[in-house]
Every structure is written in C-alpha cells, then in structure tokens.
Amino acid sequence: MTDTVTTHGVPEGALPEPTPQQRPRRPHKLRAYPIFRVLVLTLTVLLFIAPLVWMVVASLKTNVDIYDPDKTFFFTPTLENYANVLGRNNYFVFIFNSFWVALWSTVFSLILGVPAAYAMSRFTMHRSAMVVLMARIIPGVSLLVPWYFIFANLRLVGGFGVLILSHMFVALPLIVYLMMSFFDSLPTELEDAAQVDGLTPIGAFLRITLPLSVPGLATAGILSFIFSWNNFMFALVLSGANTKTLPVAIFNFVSYASIDWGSLMSAAVIVTVPIMVIALFTQKYVVSGLTAGATKG
Amino acid sequence: MAVMVDTKVTAWKAYSTWANHHRKWLFAAPAMIFVGLLIAVPLAWTVYLSLTDAQGSVRAESKFVGIANYLKVFGDTERFWPAVLRTFMFTGGAVAAEMVLGMGIALLLWRPFKGEKWVRVAILMPLVATPVAVGMMWRLIFDPNIGFANQFLSWFGIPPQPWLSGQTTALPTLIFVDVWQWTPMIVLILLAGLTSLSEEPDEAARIDGASSWQRFRFVTLPLLRSTVIVAIVLRGIDALKTFDILYATKGKGGGSFHEVETLNVYAFGLSFDYNDYGIASTVLILFFLLIIAIMWMVTYRRKAEQ
Chain A
422 MTDTVTTHGV
432 PEGALPEPTP
442 QQRPRRPHKL
452 RAYPIFRVLV
462 LTLTVLLFIA
472 PLVWMVVASL
482 KTNVDIYDPD
492 KTFFFTPTLE
502 NYANVLGRNN
512 YFVFIFNSFW
522 VALWSTVFSL
532 ILGVPAAYAM
542 SRFTMHRSAM
552 VVLMARIIPG
562 VSLLVPWYFI
572 FANLRLVGGF
582 GVLILSHMFV
592 ALPLIVYLMM
602 SFFDSLPTEL
612 EDAAQVDGLT
622 PIGAFLRITL
632 PLSVPGLATA
642 GILSFIFSWN
652 NFMFALVLSG
662 ANTKTLPVAI
672 FNFVSYASID
682 WGSLMSAAVI
692 VTVPIMVIAL
702 FTQKYVVSGL
712 TAGATKG
Chain B
9 MAVMVDTKVT
19 AWKAYSTWAN
29 HHRKWLFAAP
39 AMIFVGLLIA
49 VPLAWTVYLS
59 LTDAQGSVRA
69 ESKFVGIANY
79 LKVFGDTERF
89 WPAVLRTFMF
99 TGGAVAAEMV
109 LGMGIALLLW
119 RPFKGEKWVR
129 VAILMPLVAT
139 PVAVGMMWRL
149 IFDPNIGFAN
159 QFLSWFGIPP
169 QPWLSGQTTA
179 LPTLIFVDVW
189 QWTPMIVLIL
199 LAGLTSLSEE
209 PDEAARIDGA
219 SSWQRFRFVT
229 LPLLRSTVIV
239 AIVLRGIDAL
249 KTFDILYATK
259 GKGGGSFHEV
269 ETLNVYAFGL
279 SFDYNDYGIA
289 STVLILFFLL
299 IIAIMWMVTY
309 RRKAEQ
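Residue numbers (the numbering used here), protein chains in the order written: chain A, 422 to 718; chain B, 9 to 314.
Simulated from the structure, these hints should not be mistaken for lab results. Treat each hint with caution, since some may be false.
To be verified - Now the stretches of chain A that chain B is said to cover, found in silico as 3 or more residues with beta-carbon under 8 Å:
#1 620 to 629
#2 644 to 651
Said to hold, decoys possible - Just some of the chain B residues that point at chain A, by a computed CB distance under 8 Å:
#3 Ala36
#4 Leu116
#5 Gln159
#6 Met193
#7 Lys249
#8 Asn272
C-beta: ideal position from N, C-alpha, C; glycine also.
So that you can see chain A by itself, here it is in the shape it has in the complex (with noise of 0.2 Å):
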C-alpha cells in the first residue's frame, strides 16, 4: 500500500500550520491527495451510476437500436417501451399492487412493531427482542413451504392478505430493530416529567414520545416501505393473477425464448425509479436506518 491510498484526507488548508517537526515525512504525496482523492471518488460515482444510466438508456431504444452497435450512443429516443409496458401489459394493476402491500404492511408493521420496541428498550427485554430479531436470520425459504401450506388450506394463497403478512415478516423485525435503537437514544427525562404532571406512563407513551419519534418512525416506515417494495421471493409464490408486484411481473418477462430487452429496461426503470426518487427526497432518513447500530459496541 502506498501513502496515497490510505490517507486519511485532511485538505492542506483545513489542519493548522504544520511545525517542521510535525511535518508529515513526504509532503509531496500529501499534497497530491486532494487531486488523487476527486478523482477516485469521481470514478466510484461513475461505476455505481453509469449501470443505472444504461438501463435508462436502452429503456429508450428500440429493440433494433439496442442490438446495433453502431447506436450505443446515439439513437433517436422513444417512448415506445414505456408504452408498450404500460398499456399493453397493464403495468398500472402491478404498480398499484406492489405499493398496496408495501404500505399496508409497513402500517401494520409500525403498528405492531413500535410498541413492542419501546417496551423491549425501556424494560430491557434482550432475550424478547432476539426473538423478534430471529426472522432477520432465518432464510425465507424456510417459512415459505409452511406458510403455503397453511394459506392454501385457508383459500389465502393469491390475496393480499398473505402478501402482506409474509411482508410483514420482514418489516416488522426491522422497524423493530429501527426503533429499539432510537428509543435507546431517547432520553426518559420528559416521560418522566409528564407522569409527575398526571399522564400515566402509556399516555405518556402516546402523548410525549410518539410525537419526539417523528424521525425515528420516518426512517422505520421508509425502510420498511422499500423493502417490501424491492422484496421478490414471497411474492413470486404466494402472489396470484390479480396480486402480482412489480418484481415479479419483471421477471415473468424472460420466461419466453427471446428477451424484449426494451421493455424490460422500461419496466425495470419503472420499478426502480419511484424507490430512487423516494430515496432521494429521504436521503437523511435511509441512511440513518440503514447504519442504525453501526456505532454501538
């Protein structure tokens, strides 16, 4: 490894004036970070973005275009694919499927999951909360066989409500790992006070606290919501005709001996982007939930 690499990237402006003695060994290298430093991370960029790019790209061509390699770059884009995916596959009753399960069962799952996380963090209830944890580990697949089993004797296979509950399965561990780490970091001081003022402690809960975890229920309900979204194994065997989601309507797409790969962009674009701009506006939050935890012991 050399210097450069590995350096930890402090700008030359931003430390105070060296004295001779505390003079890095190789000032040279040193000053050279900064340029170093832009473009490798200008490069990485580049890697994570040009893929998602690409996708966008070939969702605009035509099939003929996107088989001609002369027309890698320049094309003359069209609408056709989104088109052809929207209308003709009715792509609308998969958008509205997948984003029917993800909310309700990220509305369940808060509902079920945030009480059950401020008990397990105000009372320490470790051994309750691996329980829950537990379904983070398992592999779905597991579960799969069992729940099939059990829904398809109660005439559930194919309705919502199966994909929602199997959903629900992974959200519901999340929020709760989510919110036991936010109610960790919530100070008791003003539940305190507001049971010395006459609350009792479970109106406190729903007068003081819920409102102070605004952030905390923003990031566990975003996630979740993402998840559910992306999620493709649960559905892709527990969803019928009429309630399939986004993912697995993409994939029913290769089952045929050639690949429309324009539509397939498109639909892939169609699937990615809502998640993407949600991400975007919420950028604070997801980050914030997908390191929860990263800095305890």
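Start from chain A and add chain B according to the hints.
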C-alpha cells in the same frame, strides 16, 4: 350523581391501571405473538417435514422416515455440497471485496469536502434499487452479444467474455453485481463509525510522526473494530441468503449446469420447482444451522476479545 357513569368511570380506571401495570407485555406481546406464529410454527413444521418423505403435493400423504433425508443430503456430492461451496464462495468473495472497497471509499469520504452530498446520493442509488431490476440490468450489460461490457472490452482489444452465460464466469460475475449493489451499504456503515470517532488519537499519532498507513492500521482500524464487525455480520447474513439476483439472472436451478446454485436457490428449487418438500426442508434446516453457527462464531469471537 348517576351511578351508571360512576361504575363506567371506575371500570375504565381499573382497566387503565391494569393496562399501565402490564404495559411491558401489553406492548411487546402482539409483535412477539405475530413473530411466533409466523416463524416458530413454520419452523417446527419444516423440522417435521425434514423427517418425512413429503413430496409432490403439500396435501399428499407422507411417511416418517427419521434421519434418512439428512443421510441422503450429506451423501449428495452432486448438488448439496457444491451448493454449500458456492454459498461460501459467493458470500466470502462478495463480503471481502465489499469490505475492502467500502473501507477505501469510506476513508476517502471521511473528511468533509465540496460535493460530498452528491457522492453520498450517488452511492445510495444502487442500494435502494430493486434487486430483480438490477439483475435484469446487468443481464443486458453482460449479454455476450449485445452487452456493453464486451463492447467496452473490445475498445481495448480484449476478446469478448461469456460473463453470466459461462460455466466458470457466472458466479464471479454475480459476485461483481452483488459488490456493485452492496458496497455502498458498507461505505455508509463504516462512514457512520468513522464520523463517531474522536480525532485525538489520530492527531496524536500524526504528531508522533506515524505515516498514513500506520495511522490507519494501528489507530483507526482498531477503534473501528466493532463497526467493522457489525458491517460484516449484517452484510454476511444477507449475502448468505442472496436469492433475487441469482434467480433473476440464471433462473431455476442456478443455470443449466447449476453454476450459481447456492443453498438458498437449491432449497427454493427443491420446494417450488420440484416439490420435494422433505429434502428441501432438510437442506433448509442445515442452511439455517450453518447461518447460526457462522453468526455465533463471529459474535462469540467478538465477546471473547472484549
């Protein structure tokens, strides 16, 4: 004073007192019952199925066969053990690459600079993208005939590669896809850890004349240890269970030569493509035990070190 109202109020008060007294379990129980019903019961069922010869239809009669399935699976060198190996290769390769790259990018992003916001937004995008769509996207890019990957290579005179359709190249290509999608998560976790570090130890080492590498290796990395372990555990669990991109790019059985068939894909195929529930449950139980063992090892080592 109306007696009716009085009893109602007293009843409400009694109920409220009871609820507040038992709020610990009142709050926690619904979630735990839900999880218990949706997990404990199915899991017990899976254990039971693994001891039977259940096959064909979930309603079909099945016989109790004891540990026969386990013996069969352990002796299966054609599908089971290669799948175990692939699971380890995929997880090990992906997590190792993600940790190294993630650490590099996190260090580059550590100190504030202009345009930092844009880099953060950019790396968040792969992370939230729908895995199935991501799989399809890379499937087009890596298409041997029309994909951009081979076109790109041709600019440098490198011959076209089979990528996803090659028997030996498919798994490394999918590791690449996983690295593309999940390195940002490692970056974000490590960055959160780095930001919470105090600057003094680093400063002290700098004044003592330590090189950048020495400061990273002997100051930052040890301080960051618990964050690194959290990142490995979180990513490791998900990488072991990777399903979406594998199934979306290679379909049933992990391709015609089972070249990307990991334990999860194998178990899914046994369950829903071949309806071989007995064997599938056996594979799943073993898979589950494997995950727990790995997690236990990682967290146990961590506790032992503390």
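Does alanine 36 (chain B) pass the interface hint, meaning its C-beta sits closer than 8 Å to a C-beta of chain A?
-> Given a least distance of 4 Å, the restraint on alanine 36 (chain B) holds.
8 Å C-beta criterion, at least three residues: is the stretch 644 to 651 of chain A covered by chain B | holds (count 3)
Satisfaction of the lysine 249 (chain B) interface hint, Cβ to chain A closer than 8 Å = Since chain A brings a Cβ to about 5 Å from lysine 249 (chain B), closer than 8 Å, the hint holds.
Coverage criterion applied to the stretch 620 to 629 of chain A (partner chain B; beta-carbon cut 8 Å; 3 residues) | holds (count 4)
Can we keep the leucine 116 (chain B) interface hint, with Cβ of chain A closer than 8 Å?
-> holds, 5 Å
May I ask you to test the interface hint for asparagine 272 (chain B) with respect to chain A, counting a Cβ-Cβ separation under 8 Å as satisfied?
-> holds, 6 Å
Restraint check, 8 Å cut-off on beta carbons, for glutamine 159 (chain B) near chain A | This hint holds: glutamine 159 (chain B) lies near chain A, its Cβ roughly 6 Å from the closest one there, short of 8 Å.
Report holds or violated for the interface hint on methionine 193 (chain B), using the least CB-CB distance to chain A and a cut-off of 8 Å.
-> holds, 6 Å
Violation of the numbered hints given earlier is absent; every hint is satisfied by the structure.
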